[in-house]
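**Q** Listed below are the residues making up each chain.
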Amino acid sequence: ETGVTQSPTHLIKTRGQQVTLRCSSQSGHNTVSWYQQALGQGPQFIFQYYREEENGRGNFPPRFSGLQFPNYSSELNVNALELDDSALYLCASSFEGADTQYFGPGTRLTVL
Amino acid sequence: SQQGEEDPQALSIQEGENATMNCSYKTSINNLQWYRQNSGRGLVHLILIRSNEREKHSGRLRVTLDTSKKSSSLLITASRAADTASYFCATDKGAAGNKLTFGGGTRVLVKP
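Sequence lines, in order, name chains A and B. Residue numbers for the first sequence follow the working numbering, so the first one is 9 and each next one is one higher. Residue numbers for the second sequence follow the working numbering, so the first one is -8 and each next one is one higher.
Just so you know, the hints here were simulated from the structure itself, not pulled from any lab data. Backbone N, C-alpha and C define an ideal beta-carbon position, used for all residues, glycine too. There may be inaccurate statements among the hints.
What the hints assert, rightly or not - Derived EDC-like pairs: lysine to aspartate or glutamate, alpha-carbon spacing no greater than 20 Å straight-line: (1) Lys60(B) <-> Asp74(B); (2) Lys84(B) <-> Glu83(A); (3) Lys84(B) <-> Glu104(A); (4) Lys21(A) <-> Glu83(A); (5) Lys17(B) <-> Glu(-4)(B); (6) Lys47(B) <-> Asp107(A).
As the list claims (entries may be wrong) - Incomplete in silico selection of chain A near chain B, CB under 8 Å: (7) Thr10; (8) Phe53; (9) Gln56; (10) Leu96; (11) Gly112.
From just these sequences and the hints, can you work out the full model?
**A** This is how it looks when you write it as structure tokens:
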């Protein structure tokens, strides 16, 4: 167990809808990163939050947005869902300057 | 886009045998990490090797890094059925924040 939790575990949405995924970081970690993992592929970096500010973004459109709260929990929001958004969404927490990230179990999103 | 390629894509071995998988990457890195993923769930950090290191051991794991060839290998000795999983390499360029770039993974099946 890494101490990182994510909710919900599974989610089914239809194309065009909006979704919010949640992540609770390991205690003491002030940095959270989000990754998208399509079936059969490696995770791809979406963005990172550090002390409630976005601290880097991967090659994802603006309809992917995030928030980090003062208690360092985090949300990933995706608007105007597309079929290709179907994937496992992983969050990972770490402490500033540390190399190792601790991953949550993921949220599997299916877009119909 | 993914930083690296992993080879082989899939590996099937008998319990007790060694498993070797390779990772190649494209740009200079600060460190390279290996993660394990069971059945499409969260990633578990296995080992980290820095760019100025050539070899590292952790239990039954041995990792090598050749920065001149931009490649790394992961060796699992005396494999067990519980080692059945997907294994991913991830590189960190060392820019602000630790944003990992993953390879496509090697799926390992250890038969009892």
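**Q** Tell me the hint numbers this structure goes against, listed in increasing order.
**A** Of the numbered hints given earlier, those the structure breaks are 1 and 2, listed in rising order.
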